[in-house]
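K.L.:
Please build the complex by placing chain B on the supplied structure of chain A, with the hints as guidance.
Each chain, letter by letter, is given below.
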Amino acid sequence: MLTQDAIHAIIFQALSNVNDERGPVERLDIGATTILFGTDAVLDSLSLVSVIVDVEAAVSEISGRDMVLTDDRAMSQEVSPFSDVSSLTAYILLLLSEPVL
Amino acid sequence: MTTIKKLEGEFIRLRLLQVSDSELTYQWRHIARAKYLNKAASSIFDQAKWIESRPTSEQNFIIELNNGLPIGMISLVNIDHVNHHAESSRFLIANEEAVKGIPAAVESMKLLYELAFDELNLVRISGIVAENNSLMIKWQKYLGMKEEGRLRKHLYQDGQYFDAVCLGVLVDEYRKITAPRMNVLIAAARQRL
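Residue numbers (my numbering), protein chains in the order written: chain A, 2 to 102; chain B, 15 to 207.
Looking at chain A on its own, in the form it has when it is part of the complex:
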């Protein structure tokens, strides 16, 4: 079972991958409170998709189950899973806590 810390590490790595594509002055400050998307966000939609792709791949590989972050359910959450690192982590933990169908 993936822990909160392990999921944080996965998201941080995905953000670090975005930083690899940026110049020194454009690099993101990465932390648990980093705002991803929406008001005051640090990512544009190109970078957000990069983070989603990398996080889905890593979580799927480690957990052994398919992880889809952009489905109707994500839209129906009261707080967007893509608001910040903590909300994305909480959403992944929620999905992982459910039985595999």
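Each hint should be verified, as a subset may be incorrect.
List of simulated lysine to any residue pairs, SDA-like, C-alpha gap at most 20 Å [stated by the list, open to error]:
#	chain 1	residue 1	chain 2	residue 2
1	B	K114	A	T40
2	B	K155	A	D55
3	B	K152	A	V54
Worth flagging that the hints you see were computed from the coordinates, not collected in a lab. Remember, predicted model here, so these are calculated numbers, not experimental data.
P.N.:
Frame of chain A; chain B shown alone:
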């Protein structure tokens, strides 16, 4: 040929490229991020001539935020009404700072796909991306495009040749994969903490 004047989204809109955009688009074509596009015009005058000479098989747009701020450009080119396909091209978000937290790239492409698939009744959109533009390749694949091949050493940038990755999406894939994912990304910008 249907000429679309403006396409309205929730966060951005697409308006037709005009000769009066020559200076702005000339500047954009010379920023670092534009290195993945084809060679730019060498002067504002040449850029104006290029805009004037666009054929009817193209729809070239300026991407604007809803407050009117121009932030980039996108085109649908080689529109073929016999074989019902076209290419997405000249996609550039030039003002990155203005689009943080805003699904400008996603909504621009969504409006272009709606034009292609819903208005022009095309069945296929394709495009090429330089192999070193990994962010764009990842983005396009996540949004439903499939890699269909490679043109070896097709692009020349900064003294080096790069493969062009050929990507394409069919109308059914757009409806099943692309549009729902785009809608989630747009909704993510709508939701607040």
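K.L.:
Against this structure, judge whether each hint is valid.
P.N.:
Hints and how they fare:
1. K114(B) to T40(A): 8 Å, holds
2. K155(B) to D55(A): Holds. K155(B) to D55(A) sits at ~13 Å (cutoff 20 Å).
3. K152(B) to V54(A): Between K152(B) and V54(A) the Cα gap is close to 8 Å, so the pair holds against 20 Å.
Checked against the numbered hints given earlier, the structure satisfies every one of them.
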